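**Q** Residue numbering for the first sequence follows full-length UniProt numbering, beginning at 1 and increasing consecutively.
The set of hints was computed from the structure by calculation and includes no laboratory data. Just to be clear, a hint being listed does not mean it is correct.
[What the hints assert, rightly or not] List of simulated lysine-lysine pairs, DSSO-like, C-alpha gap at most 27 Å:
{"id": "1", "residue 1": "LYS140", "residue 2": "LYS260"}
{"id": "2", "residue 1": "LYS104", "residue 2": "LYS280"}
{"id": "3", "residue 1": "LYS152", "residue 2": "LYS140"}
{"id": "4", "residue 1": "LYS152", "residue 2": "LYS63"}
{"id": "5", "residue 1": "LYS260", "residue 2": "LYS332"}
[Stated by the list, open to error] Ranges of calculated distance between the beta carbons of each label pair, as one might list FRET restraints:
{"id": "6", "residue 1": "GLY49", "residue 2": "PRO89", "range": "42 to 48 Å"}
{"id": "7", "residue 1": "LEU23", "residue 2": "ASN282", "range": "39 to 45 Å"}
{"id": "8", "residue 1": "PHE561", "residue 2": "ASP343", "range": "52 to 58 Å"}
{"id": "9", "residue 1": "ASP343", "residue 2": "GLN271", "range": "54 to 60 Å"}
{"id": "10", "residue 1": "THR340", "residue 2": "ALA7", "range": "16 to 22 Å"}
{"id": "11", "residue 1": "THR290", "residue 2": "ALA423", "range": "19 to 25 Å"}
{"id": "12", "residue 1": "SER329", "residue 2": "GLU25", "range": "47 to 53 Å"}
{"id": "13", "residue 1": "PRO89", "residue 2": "ASN282", "range": "51 to 57 Å"}
{"id": "14", "residue 1": "LEU145", "residue 2": "GLU25", "range": "53 to 59 Å"}
{"id": "15", "residue 1": "ALA319", "residue 2": "GLU86", "range": "55 to 61 Å"}
{"id": "16", "residue 1": "GLU97", "residue 2": "SER347", "range": "33 to 39 Å"}
{"id": "17", "residue 1": "ARG211", "residue 2": "LEU23", "range": "51 to 57 Å"}
{"id": "18", "residue 1": "GLU74", "residue 2": "SER161", "range": "38 to 44 Å"}
{"id": "19", "residue 1": "ALA319", "residue 2": "GLN271", "range": "21 to 27 Å"}
Given the structure is predicted, the values throughout are model-derived calculations rather than measurements. Each residue gets a CB set at the ideal place from its N, CA and C atoms; glycine is no exception.
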Amino acid sequence: MGSGVNAEVAGVLLRIADLLLVLGENPFKIRAYQRAAEAVRRSPYVVAGMSRSELMELDGIGKGTSEAILAIAETGTCSELESLMEKVPADLPELLELDGVGPKTVQKLWSHLNITSLAELEAAARGRRIRGLRGFGEKKEEEILRAVRIYKNRSGRMLISEAEEIAGEVAATLVPGTFSYAGSLRRGRSTVGDIDIVTTEPAQSVNPRIREIATEMIDEGMKKTSFFYRGKRIDIRFADNNEFGATLLYLTGSKEFNIKLRERAISRGMQLNEYGLLNKQNGEITRCATEDEVFSLLGLHFIPPELREDRGEVAAAEAGTLPQLVELSDIKGDLHAHTTGSDGSLSVDELAATADALGYDYILCSDHSASLGVARGLTPEGLFEQAHEIEIANRNHECQTIAGIEVDIMTDGSLGLPDSVLADLDLVIASVHSSLHQEGDQITRRVITAIENEHVDIIGHPTGRLIGRREPSAIDIPRILEAAREAGVAVELNASPYRLDLDDIYLKTAKELGVKIAIGTDSHGPGDFAAMRYGVTTARRGWCGARDILNTYSLSKLLDFFR
DNA sequence: GCCGTTTTCGGCCCGACTGTTTTCAGTCG
């Protein structure tokens, strides 16, 4: 079983948290279930295969939640969930999804109006029956109807590329140099829920401009303004120059990271908020213009935004053991590109010219093998001709084109081209493109078989996910990484914003195991090469430094690595 | 329910904004 199973287990834990919310249970117990769900979601290891004690080593998972996780992994449910479901109507927790509707509101609607579903809530609001409740009025009724409408039209998380585009359009209304992106966009997550921006421009001058572009205002204030733009939620926070750092830190998050920092502040006799630090002994407030000041007052080295996920970075920042993260400027080449030899739009010569223009020292020409049905792939004869084109390109361009292939891993783990053909190539990427729904152990063994082929150098897009469109396969990545380490094979970080595969949680494991990463844009045309920066950002989120990333090696060192 | 440089009990981040109020509760990020 693979990460999809972790997502299912996490979903059940969140379901329990929602049911507890609706029942008005202890908020800390609820948060405990939410934290446990988060711990499961981002575990690179399949929780179904973990022992009780291994589970309890995960941060946020203890006696109760580990037992629940084991039961959920085995049976799909657990005793806590079962007993809660007897007390709460099945569709009631969905009301929590509505903006402005929380547990107290749901309880009141349920107990006084016997509302147990979204449809019943909408009918009650339209029938003006909600305003009769104590503490509710006409405005609240309208707010609920608006929330229902927005909920029905909701769209999922954005790809990072989409988020950049939308953020850029919003930022075009702000004065350059006065703002910074924050939130998950700044942290470089592969998907972004909403866009967060901090600006030093005053609200009075920004808000009127926002009203011009917004499709709908959510709320508008002197400290912050929220609105919808192109169907996405945008939050802008206004900060004075002397508080900008504390505000940026706060709005960048993550939420878990913020809590960790605030707890640290408390333990050191201070209080951290979005303006600065309060010294509780003398009541003195230190406003922080830069994030550096906040970190320094908390006794920490600067933590790059990509690491702010409460995955051990605060302890590392205290000990001075944060990794030196890879930078885009460290990248000497792109390790995955297609040409007209398969389904790309550039010739070999154009590929070399493009890579030259990017300032790369090398680029890996890695077309599909003919075995793959969906893309017109290279036959051994086609590959022979391409080798000649590469020779010519290497004479005409500074950037060296590496002769390679993206060979198909067949359902049984054999490869789409004979060993004798692969032996003539400089680098071989092997990827799964078919039968992605194989059962976990089967697809894992399939890829391990490919790893054990002496000609294979890199495993391409290991989970096969297409973000928001296709779930990762059930492949067991830690097992793949163990096998890759044994065989001296690298794993790809496919930098396409549609894939970002491997993702951060697995990259960190790869780094810890000493498995090298090859970042490839999987470019099929001239516009795709710029995705390298998403790859680098994702690698940074995986705690990777330059030495963990093969693209930072010189050409000769790269080729030596695989020899 | 989880957790420990106040360690097995007693805590658990903090402030902005809205609506319905008359001083605050609820929700959100």
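**Q** Does the structure break any of the earlier hints, and which numbers would those be?
**A** The structure conflicts with hints 1, 2, 4, 5, 6, 8, 10, 11, 14, 15, 16 and 17, although it agrees with all the remaining ones.
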